[in-house]
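A.B. asks: In case you want the letters, here they are:
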Amino acid sequence: MLDAVETVLAKYSLVTALALVAAVMWISYAAANGVFRGRVHGSALAILIGLIAAYAGGAVAGGNAGVADVPWLAGVGVLGGAAFRDLAIVATAFGVRLEEFRRTGVAGIVALLAGVLVSFIIGGVTAYAFGYRDPQSIVTIGGGAATYIVGPVTGAAVGASSEVIALSVAAGLVKSILVMTLTPVVAPWIGLDNPHAALIYGGLMGTTSGVAAGLAATDERLAPYGAMTATFYTGLGCLLGPSVLYMAIRVLV
Amino acid sequence: MVIYGTGLLAFCLLAGAVVGQLLGYLLGVDANVGGVGIAMIALIVLSDRLQKRGALQPPTRQGVLFWSAVYIPVVVAMAASQNVQAAVTGGPAAITAGVASVAACLLLVPAISRLAPPLAESTFDAADANSSTDEGR
Chain D
1 MLDAVETVLA KYSLVTALAL VAAVMWISYA AANGVFRGRV HGSALAILIG LIAAYAGGAV
61 AGGNAGVADV PWLAGVGVLG GAAFRDLAIV ATAFGVRLEE FRRTGVAGIV ALLAGVLVSF
121 IIGGVTAYAF GYRDPQSIVT IGGGAATYIV GPVTGAAVGA SSEVIALSVA AGLVKSILVM
181 TLTPVVAPWI GLDNPHAALI YGGLMGTTSG VAAGLAATDE RLAPYGAMTA TFYTGLGCLL
241 GPSVLYMAIR VLV
Chain H
1 MVIYGTGLLA FCLLAGAVVG QLLGYLLGVD ANVGGVGIAM IALIVLSDRL QKRGALQPPT
61 RQGVLFWSAV YIPVVVAMAA SQNVQAAVTG GPAAITAGVA SVAACLLLVP AISRLAPPLA
121 ESTFDAADAN SSTDEGR
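Chains as they are written, first to last, in this note's numbering: chain D, 1 to 253; chain H, 1 to 137.
To be clear, the hints were calculated from the coordinates, so they are not data collected in a lab. Careful: at least some of the hints might be erroneous.
Claimed, not checked - To spell it out: a stretch of chain H is covered by chain D in this simulated footprint if at least three of its residues, at any positions, have a beta carbon under 8 angstroms from a beta carbon of chain D; those stretches are: (1) 1-13; (2) 18-27; (3) 32-43; (4) 73-84; (5) 95-103; (6) 108-115.
As the list claims (entries may be wrong) - Residues from chain D that face chain H, not an exhaustive set, calculated with beta carbons under 10 angstroms: (7) Ala46; (8) Leu48; (9) Ala83; (10) Arg85; (11) Thr126; (12) Val169; (13) Leu178; (14) Leu192; (15) Ala223.
Said to hold, decoys possible - With a straight-line cut-off of 25 angstroms between C-alpha atoms, the simulated DMTMM-like cross-links for lysine to aspartate or glutamate are: (16) Lys52(H) <-> Glu100(D); (17) Lys52(H) <-> Glu99(D); (18) Lys11(D) <-> Asp69(D).
Keep in mind it's a predicted model, so treat the numbers as computed, not measured. Backbone N, C-alpha and C fix where the C-beta goes; we use that ideal spot for every residue, glycine too.
Whole structure, please, built from the sequences with the hints as guidance.
C.D. replies: This is the structure in structure tokens:
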């Protein structure tokens with residue numbers, strides 16, 4: 001009996017994921033309006049449940065894709081994978097006026113440069129403080145503090161050790177998960193309630209997954225603006241990390 | 001037809017991703033540079049053109065709006081397939097680097113907002129902001 005159910009769930013894994021995510025959304029919105037009386041946004045709760053499930057999935061299945069490593073939950077990985085995620089993010093731009101983006105163009109570029117530089121500097125200083133003194137390790141961990149893609153790309157380019165590359169991925173994951181969970185909490189404090197601030201936020205934070213989920217949990221309408229700038233961040237980080245920033249760090253240490 | 005809208009959306013994403021990939025090659029970077037952002041601009045421009053020509057029928061719009069409306073569920077599925085365990089057990093150096101960079105960048109949001117203010121007021125009105133978002137837009 002259980003075997004039969006599992007066979008079906010695994011065979012229709014994307015359908016299983018749709019049913020499961022719908023259930024999580026329903027429970028989250030019911031709890032947000034009931035137990036939390038609207039003080040917590042339903043989407044924030046749903047994302048939090050997702051992250052907790054990912055931790056449990058990682059612990060049970062021992063992979064690196066959260067619940068998606070459990071065979072009958074593989075569809076969650078497809079639904080939440082790059083293809084559907086990017087399709088949904090692009091769709092949020094439908095109906096947005098181009099003028100909104102043009103208006104904040106300069107601020108967006110300033111935010112992107114500041115975000116990449118500050119993350120590299122802070123990550124690099126952290127690496128130095130924890131005893132990493134070679135420029136390869138410093139720039140790689142600095143890249144990890146940017147995003148979990150910039151770290152390994154930079155590390156591979158400058159020839160960092162695999163232990164340091166793994167560390168940079170972990171740093172990027174910590175950042176991504178913090179951005180997902182903290183954005184709705186800090187939004188009122190940093191004035192994150194308009195498209196202008198969301199564009200800057202996306203440029204400064206950079207982690208597409210973190211920004212996408214963080215803004216979804218804050219106010220869904222901010223998502224296209226944050227996602228727009230965040231999408232340029234990883235490319236900029238991969239561009240600057242192994243080149244300009246690596247050379248600068250070599251001069252410094 | 002609904003599929004026209006979804007097709008338009010898919011075309012924009014693919015076109016943007018190809019341009020982003022080419023941009024990466026040109027810059028000598030092993031990453032997609034702004035593909036999703038370029039796709040968003042393509043969708044905005046194309047849908048505006050089609051709208052003006054009257055070629056964006058309600059069913060066609062539905063084909064895009066559905067994906068916009070399932071944005072949050074897709075993000076929840078994304079959250080559920082993250083490597084949270086590696087983040088939690090990444091060790092003090094990884095956690096410090098992640099926490100410190102988030103804190104620093106958060107503090108910069110108001111600073112840069114003031115440094116480069118928008119030309120005109122672009123806030124949502126308050127009544128709108130409190131409305132439920134699960135209908136999409």
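A.B. asks: Each hint should be assessed against the structure and marked as holding or not.
C.D. replies: Hints and how they fare:
no., hint, in the structure
1, 1-13, "holds (count 4)"
2, 18-27, "holds (count 4)"
3, 32-43, "holds (count 10)"
4, 73-84, "holds (count 12)"
5, 95-103, "holds (count 8)"
6, 108-115, "holds (count 6)"
7, Ala46, "holds (5 angstroms)"
8, Leu48, "holds (8 angstroms)"
9, Ala83, "holds (9 angstroms)"
10, Arg85, "holds (5 angstroms)"
11, Thr126, "holds (4 angstroms)"
12, Val169, "holds (7 angstroms)"
13, Leu178, "holds (5 angstroms)"
14, Leu192, "holds (7 angstroms)"
15, Ala223, "holds (6 angstroms)"
16, Lys52(H) <-> Glu100(D), "holds (19 angstroms)"
17, Lys52(H) <-> Glu99(D), "holds (17 angstroms)"
18, Lys11(D) <-> Asp69(D), "holds (15 angstroms)"
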